[in-house]
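Spelled out, the chains give:
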Amino acid sequence: MEQATEPIVRIRNLSKSYRRGTQIIPVLSGISFDIARGEFVALMGPSGSGKSTLLNLIAGIDSADEGEIEIGGVEITRLGESDLARWRAVSVGFIFQFYNLIPVLTAFENVELPLLLTHLNRRERREHVEAVLNVVGLADRMDHYPSQLSGGQQQRVAIARAIVTDPEILVADEPTGDLDRASAEEILQLMDRLVHEFGKTVIMVTHDPRAAEKAHLVRHLEKGELSVT
Amino acid sequence: MGIPYSYSFRNLWTRRLTTVLTASGMGLVVFVFAATLMLTEGLQKTLVQTGSPDNVVLLRKSSNSEVQSAVERDQAALLESQPEVAVGEDGEPLLAKELVVLINLKKRVTDTPSNVIIRGITPASLKLRPAVRLKEGRMPRPGSAEVVTGESVARRFKGCGLGETLRFAMRDWRVVGVFDAGATGFSSEIWGDRDQMMQAFRRPVYSSIIFRLRDTTSFDAYKVRVEGDPRLTVEAKRETRYYLDQSEAMAKFLRILGMVLTIVFSIGAVIGATITMYAAVANRVTEIGTLRALGFQRKSILSAFIIESLLLGLCGGILGIFAASFMQLITISTMNWASFSELAFSFTLNFGIIWKSLLFSVVMGLVGGALPAFRASRMKIVEALRAT
Numbered sequence: 001m002e003q004a005t006e007p008i009v010r011i012r013n014l015s016k017s018y019r020r021g022t023q024i025i026p027v028l029s030g031i032s033f034d035i036a037r038g039e040f041v042a043l044m045g046p047s048g049s050g051k052s053t054l055l056n057l058i059a060g061i062d063s064a065d066e067g068e069i070e071i072g073g074v075e076i077t078r079l080g081e082s083d084l085a086r087w088r089a090v091s092v093g094f095i096f097q098f099y100n101l102i103p104v105l106t107a108f109e110n111v112e113l114p115l116l117l118t119h120l121n122r123r124e125r126r127e128h129v130e131a132v133l134n135v136v137g138l139a140d141r142m143d144h145y146p147s148q149l150s151g152g153q154q155q156r157v158a159i160a161r162a163i164v165t166d167p168e169i170l171v172a173d174e175p176t177g178d179l180d181r182a183s184a185e186e187i188l189q190l191m192d193r194l195v196h197e198f199g200k201t202v203i204m205v206t207h208d209p210r211a212a213e214k215a216h217l218v219r220h221l222e223k224g225e226l227s228v229t
Numbered sequence: 001m002g003i004p005y006s007y008s009f010r011n012l013w014t015r016r017l018t019t020v021l022t023a024s025g026m027g028l029v030v031f032v033f034a035a036t037l038m039l040t041e042g043l044q045k046t047l048v049q050t051g052s053p054d055n056v057v058l059l060r061k062s063s064n065s066e067v068q069s070a071v072e073r074d075q076a077a078l079l080e081s082q083p084e085v086a087v088g089e090d091g092e093p094l095l096a097k098e099l100v101v102l103i104n105l106k107k108r109v110t111d112t113p114s115n116v117i118i119r120g121i122t123p124a125s126l127k128l129r130p131a132v133r134l135k136e137g138r139m140p141r142p143g144s145a146e147v148v149t150g151e152s153v154a155r156r157f158k159g160c161g162l163g164e165t166l167r168f169a170m171r172d173w174r175v176v177g178v179f180d181a182g183a184t185g186f187s188s189e190i191w192g193d194r195d196q197m198m199q200a201f202r203r204p205v206y207s208s209i210i211f212r213l214r215d216t217t218s219f220d221a222y223k224v225r226v227e228g229d230p231r232l233t234v235e236a237k238r239e240t241r242y243y244l245d246q247s248e249a250m251a252k253f254l255r256i257l258g259m260v261l262t263i264v265f266s267i268g269a270v271i272g273a274t275i276t277m278y279a280a281v282a283n284r285v286t287e288i289g290t291l292r293a294l295g296f297q298r299k300s301i302l303s304a305f306i307i308e309s310l311l312l313g314l315c316g317g318i319l320g321i322f323a324a325s326f327m328q329l330i331t332i333s334t335m336n337w338a339s340f341s342e343l344a345f346s347f348t349l350n351f352g353i354i355w356k357s358l359l360f361s362v363v364m365g366l367v368g369g370a371l372p373a374f375r376a377s378r379m380k381i382v383e384a385l386r387a388t
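Top line first, the protein sequences correspond to chains A and B. Residues in the first sequence are numbered consecutively from 1, following the numbering used here. Residues in the second sequence are numbered consecutively from 1, following the numbering used here.
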């Protein structure tokens, strides 16, 4: 894959450590790398290698000790808490291992949630939600509650929720980790479509080699250091 | 825009058993709160309705009630001839010189004795109290040992029903009628001919004088003149004011009692709400993390949980008022501390009480939900998401 365009994610000298009691445990130590627009990147590595921490930092839900992260021209490591929340609302789509849908809201309402943070009116929101539910093939299930959907269907609703605001990057933490093989395959195909058809940039943490196969680029993390495969 | 209200509402609905239990606890407190207010309201309404704003009560100075008061006959004659006294259609002044005595009667159900007011009346007495209507039987004939009883006395005291005979002041008195005085204090009185009563009780003086003002605005000037007159030792009060003053001591007592009970209970209910909301927050840690990751601000999380808690309080308030509304069916009697006589009245619900009770329940919800909501909003996103 050629990297003709500007990188959408620029990471420079990123470090992060956790404090456990009096002990300081380094998780990431001075990582630097770029991700090009429209790329599908898989982050792999053993447990505790820091891949989830890296993903959280890129998604703007955790703060780095040192270094810079620039996404789509915004240096998110410099944003304050509420600016960061506003930035996440428009720029990042989240896909979680356990889907993290709100159980008391219907599929439609779950997908609509991120749009409540925009200036769209009710009718516009409905159009957007219906459009993305069509993309994930669940337009006929929009009034179902998460408990009435299968795991694969729930994950597709979660993907619809992630793309409804048309964000620049999608971050996925073990998106197939809780799914059977067939459902996992469906989800991976859907993510592949998002990259190829809709030009999304996807950054995915995974243990699943089949998931990693779909990615253009697999990056391995080991003890907080990065290596390219 | 924040997190939709339906989120808060549906979470309460989802765990409806917990919601109902917690709301019931709060409802109980609101019930006590509303019931006390209703009791106070009922008491005051009863006593205040007893008076009419055009009527003036004259009592001996520094007497708090008619029972303690005495007005000499010569003073009474002087007061009767004042120009402010209205004149009836028959040309007689609308003024009644009455006798008020307390007697002890036994209750029908419990057989326990209690004080009842006996009022010696004149023909003008009825004209001064248009609310009093004869319900059964007839009025006592002047010069006879006959009495009429208020509805509430007739029902609750032995010997006070129509056709029965009462013994007091060393004489037998036949009950020839029962009167309906609406929700007023007169319902708890027994009326008979004044002159017969004064003889029987061996009273040389009247207890009080009640008259209708010719012009209701002339009261202030009248009061100043009469109270300043060296020949007179009376104090003038509007009848409404007189009965309001009577209700004040009891109302104050009820209010303090109600407040103390309510405050103690509400602490329990607030703690209950806090525990429920803490549990709600603990069960939804991942959800909170997800909402924050999606871009909702801390304050959106805070308000979503506060709204949930306010709704919980409101449910309690509605339950409590619903239960309290049935108290209106109950009539209770208590000692009127000003006259030491029995007074019957009902719990009275009005919009002021409903509004106050709902506000109270919502405040309980707010106080109970504040800490849990604050905790929810302070969570770190990464830690919350990891709680899966």
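Mixed in with the good hints, there may be bad ones.
[As the list claims (entries may be wrong)] Quick look at which bits of chain A chain B covers, simulated, 3 or more residues with Cβ under 8 Å:
1. 143 to 149
2. 200 to 214
[To be verified] Some but not every residue of chain B turned toward chain A, in silico, with C-beta under 10 Å:
3. P4
4. F9
5. R10
6. K252
7. T348
8. K380
Keep in mind that the hints were calculated from the coordinates and are not lab data. The beta carbon of each residue, even a glycine, is placed where N, CA and C say it ideally should be.
*Hinted contact B/K380 with chain A - closest CB pair below 10 Å*: Holds - the Cβ of B/K380 comes within 10 Å of chain A, reaching about 8 Å at its closest.
*Restraint outcome when B/K252 is required to lie within 10 Å of chain A by C-beta distance*: violated (48 Å)
*Okay, the stretch 143 to 149 of chain A and chain B, do three or more residues pass the C-beta test at under 8 Å?*
violated (count 0)
_Restraint check, 10 Å cut-off on beta carbons, for B/T348 near chain A_ = Since the shortest Cβ distance to chain A is 41 Å, the answer is violated.
*Should the hint that B/R10 touches chain A count as held when the rule is a Cβ pair under 10 Å?*
holds (4 Å)
_Agreement of hint B/F9 with chain A interface, Cβ distance less than 10 Å_ = Nearest chain A Cβ about 9 Å off; hint holds.
*How does the coverage statement for the stretch 200 to 214 of chain A fare against chain B, requiring three or more residues with Cβ below 8 Å from a Cβ of that chain?*
It is violated: at least three residues are needed, and the stretch 200 to 214 of chain A offers just 0 whose Cβ sits closer than 8 Å to chain B.
_Given B/P4 as an interface hint, is its Cβ closer than 10 Å to any Cβ of chain A?_
holds (7 Å)
Of the hints listed earlier, those the structure fails to meet are numbers 1, 2, 6, 7, in rising order.
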